[in-house]
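Colleague: Sequence:
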Amino acid sequence: MNKYKVCVYAIAKNEEQFVDRWMDHVSEADLVVVLDTGSTDHTIEKLKSRGALVYQSKADKFRFDSARNECLEYIPTDVDICVSADVDDVIEYGWRKNLEKAWKKDTTRGFYLYNWSFNEEGQPLVQYTHNRIHARHGYHWIYPTHEIVEYIGEGEEKPVFLTGVVYNHYPDGAKDRSLNLPLLELAVEENPNSNRNLHYLGREYLFYQEWDKAIDMLKRYLDDPNSTWDEERSASMRFIARAYREKKDYSKSKKWLYLAMAETPNAREPYVERAQLSYLEQDWPAVYYFIHEALKIKEKSYGYVNEGFAWDATPYDLGALACYYLGLYQQAINYSNEALILSPHDPRLLSNHQYYLEHQEKYLKNSL
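Numbering (my numbering), first residue to last: 1 to 368.
Bear in mind the hints are in silico, worked out from the structure with no lab data behind them.
Every value quoted in this text rests on a predicted model; they were computed, and no experiment measured them.
Check the hints yourself; a few may be wrong.
[Unchecked claim] Here are the simulated DSSO-like pairs of lysine-lysine, each with C-alpha atoms no more than 27 angstroms apart in a straight line:
#, residue 1, residue 2
1, Lys213, Lys248
2, Lys3, Lys158
3, Lys97, Lys3
Work out the full structure, taking the sequences as your base and the hints as a guide.
Modeller: Written as structure tokens, this is what we have:
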């Protein structure tokens, strides 16, 4: 017999393609509540046919925090645990058992592993701990986008890590995400003292190739006295470096990457990005050095700012290229082998590997 009453809840818009998969994986809940924010496909009908309680948003203007708070209002007050899960998320089976195993009567929030992206072999790339499982009472959502669930209850918040609860994120890459930029600008306007929104907005400007705006916003984040989390600071420094790289100011790009390395010496990302910059300059000794340093780092952070390119085939691919141009053919082959373990079907990696083998053979013949 279950110890707690558990509700999975979500907001949705045009998620028809994901409904069956999602409902299969959240079926361990006692009830599922969804707020539809304007679907024009068959999302609502499919959710209802699978047993979800579906409501339609009353809001004139969309923002994520308001929509999630509206959805929360439809959850019965006798629910013990609210499990927030977007319809493009897949919660691995058995989550209910693991949730109840860790949850105590006075627990208020649950942390869990969130796999945000995957490589072509289906292995997780970007992973971090998320915290959108919470008690029914004492929480609400804040920020128009990149929203978070905030504790507003009485007394001290009591979180727990939910071992075995794993979310996998499989988004629709074609979905329109143009709302993010104006909503982030609104978030900064509404919450000028929230340094996290400065970071997110700076990153968003980077996505939109607004290089100067990105640099200014990220520097504003770094200047904020509340910006003390080293991983996020390092990421902001890397983003500034990317903006300067795109502006062809490689000198400033290098400066910011060195700052990022100093901020988080045990993170691969700054070293790999420094190697990528050296690749653009065809400075092969530098590529070799920074990849060698990057690969000394074996442990991935579980903060949201870790990046797939530091943990996929990219470092080994760069190392192989550097070794080839330095005449280190056997090392090039060794790096290439490692790249192919992580990405065995990549046609360019396969072609390069064959090329390295051929050059190694020619070198050995000429050495005889």
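Colleague: The structure should be examined with respect to each hint, and the outcome stated for every one.
Modeller: Structure-based check of each hint:
no.: 1; hint: Lys213 <-> Lys248; verdict: holds, 16 angstroms
no.: 2; hint: Lys3 <-> Lys158; verdict: holds, 18 angstroms
no.: 3; hint: Lys97 <-> Lys3; verdict: holds, 10 angstroms
The structure is consistent with each of the numbered hints, conforming to all of them.
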